[in-house]
Amino acid sequence: MGAGASRRGDREPARQKGDVVVLRYLTSDGRIDVAWPCRVVDDRDDLVALFVAAGSIYKADPKQNAAEKLAAERKPHPTTDVLWKHDMLRLMFPGASHSVWLFWDGSGGSRRLLRYFVNLEAPFRRTPLGFETQDHTLDIVVTPELECRWRDEEDFANHVALGIYPPELAAAARAEGQRVIDAFARRTHPCLQWAHWSPAADWPVPALPAAWNDHRGGICTP
Numbered sequence: 001m002g003a004g005a006s007r008r009g010d011r012e013p014a015r016q017k018g019d020v021v022v023l024r025y026l027t028s029d030g031r032i033d034v035a036w037p038c039r040v041v042d043d044r045d046d047l048v049a050l051f052v053a054a055g056s057i058y059k060a061d062p063k064q065n066a067a068e069k070l071a072a073e074r075k076p077h078p079t080t081d082v083l084w085k086h087d088m089l090r091l092m093f094p095g096a097s098h099s100v101w102l103f104w105d106g107s108g109g110s111r112r113l114l115r116y117f118v119n120l121e122a123p124f125r126r127t128p129l130g131f132e133t134q135d136h137t138l139d140i141v142v143t144p145e146l147e148c149r150w151r152d153e154e155d156f157a158n159h160v161a162l163g164i165y166p167p168e169l170a171a172a173a174r175a176e177g178q179r180v181i182d183a184f185a186r187r188t189h190p191c192l193q194w195a196h197w198s199p200a201a202d203w204p205v206p207a208l209p210a211a212w213n214d215h216r217g218g219i220c221t222p
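Sequence positions in the sequence shown follow this note's numbering and run 1 to 222.
In short, the hints are calculated from the structure, not lab data.
Note that the Cβ used here is the ideal one computed from N, Cα and C, for glycine as well.
Any given hint could be a false lead.
Stated by the list, open to error - Simulated crosslink set (PhoX-like; lysine-lysine; CA at most 25 Å straight-line):
1) LYS63 to LYS17
2) LYS85 to LYS63
3) LYS75 to LYS63
Unchecked claim - Taking CB as the label site, the calculated pair distances span:
4) LYS75 to ALA171: 40 to 46 Å
5) SER28 to THR80: 18 to 24 Å
6) ASP45 to GLU153: 21 to 27 Å
7) ILE57 to GLU168: 35 to 41 Å
8) PRO199 to ALA72: 32 to 38 Å
9) ASP105 to ILE57: 45 to 51 Å
10) ARG31 to ARG186: 37 to 43 Å
11) ALA171 to TRP203: 27 to 33 Å
12) GLU168 to ASP29: 34 to 40 Å
13) GLY108 to ASP214: 35 to 41 Å
14) HIS196 to ILE57: 38 to 44 Å
15) LYS63 to GLN178: 38 to 44 Å
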């Protein structure tokens with residue numbers, strides 16, 4: 001997927017605040033891995049912000065490690081309904097190979113930021129349903145005090161060793177993650193501007209549309 005795949009050149013128009021869209025993770029051969037119902041918070045040339053509400057039902061089968069993925073049946077899409085437990089704002093940046101997720105607990109005066117979560121992934125693309133990307137397994141967990149630690153390093157290394165990810169992708173993901181860690185250390189990452197964000201009080205929890213597993217969205221490649 002090219003660096004400009006998420007921009008207006010993909011011919012999908014910008015979404016409006018409050019729109020309900022589908023965010024999907026695809027595998028390299030075009031199968032749907034995960035699908036969330038999201039509400040659009042912002043959609044502009046330098047940022048897409050999507051809200052996944054606590055209580056949302058999303059589609060995801062049990063997580064598999066690298067060896068389990070190679071041995072498993074290749075289903076076209078997940079069949080398991082899963083409950084999303086915390087409010088989450090997902091910030092995606094056109095052309096960037098990461099997104100940042102902000103998690104909160106509580107509401108009103110008791111609302112508190114739990115953590116930032118950096119997901120290493122392919123640059124997102126727009127689809128008629130919403131947005132798609134491919135997860136790259138490696139993550140970074142960041143505390144509210146901006147202390148960073150890598151997550152799933154062993155599984156990521158196994159994905160490379162078993163040929164699921166090429167070495168070039170592994171090196172690029174590591175470099176992307178380090179750039180994000182450096183931005184947190186400098187307190188310059190744009191996600192820090194969203195730490196006190198709250199969703200509109202009149203937004204109900206959205207559901208996945210019936211067409212969430214429509215495969216016409218396209219294929220993400222490493």
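**Request:** Indicate whether the distance between the beta carbons of PRO199 and ALA72 respects the range 32 to 38 Å.
**Result:** holds, 36 Å
**Item:** Given hint LYS63 paired with LYS85 - CA-CA distance at most 25 Å
**Value:** Roughly 17 Å separates the two Cα atoms, so the pair holds.
**Prompt:** For the pair ARG31 and ARG186, does the Cβ-Cβ distance stay inside 37 to 43 Å?
**Reply:** Since ARG31 and ARG186 have Cβ atoms about 38 Å apart, the given range 37 to 43 Å holds.
**Request:** Could you check the hint for me, namely that GLU168 and ASP29 are 34 to 40 Å apart, CB to CB?
**Result:** violated, 19 Å
**Message:** Taking the Cβ atom of LYS63 and the Cβ atom of GLN178, is their distance within the range 38 to 44 Å?
**Reply:** violated, 25 Å
**Item:** Proposed proximity, LYS17 with LYS63 (alpha carbon, max 25 Å)
**Value:** violated, 31 Å
**Request:** Indicate whether the distance between the beta carbons of GLY108 and ASP214 respects the range 35 to 41 Å.
**Result:** 38 Å Cβ-Cβ, so the 35 to 41 Å window holds.
**Beta-carbon spacing of LYS75 to ALA171 - inside the hinted bounds 40 to 46 Å or not** = violated, 30 Å
**Request:** Using the beta carbons of ILE57 and GLU168, state whether their distance is inside 35 to 41 Å or not.
**Result:** holds, 37 Å
**Item:** GLU153 and ASP45 - C-beta distance against the hinted 21 to 27 Å
**Value:** Distance hint for ASP45, GLU153 is violated at roughly 33 Å.
**Prompt:** If you check the beta carbons of ALA171 and TRP203, does the distance land in 27 to 33 Å?
**Reply:** Violated - the Cβ-Cβ distance for ALA171 and TRP203, about 40 Å, lies outside 27 to 33 Å.
**Asked** Is the gap between the beta carbons of ASP105 and ILE57 within 45 to 51 Å?
**Response** violated, 19 Å
Comparing the model with each numbered hint stated earlier shows that hints 1, 4, 6, 9, 11, 12, 14 and 15 do not hold.
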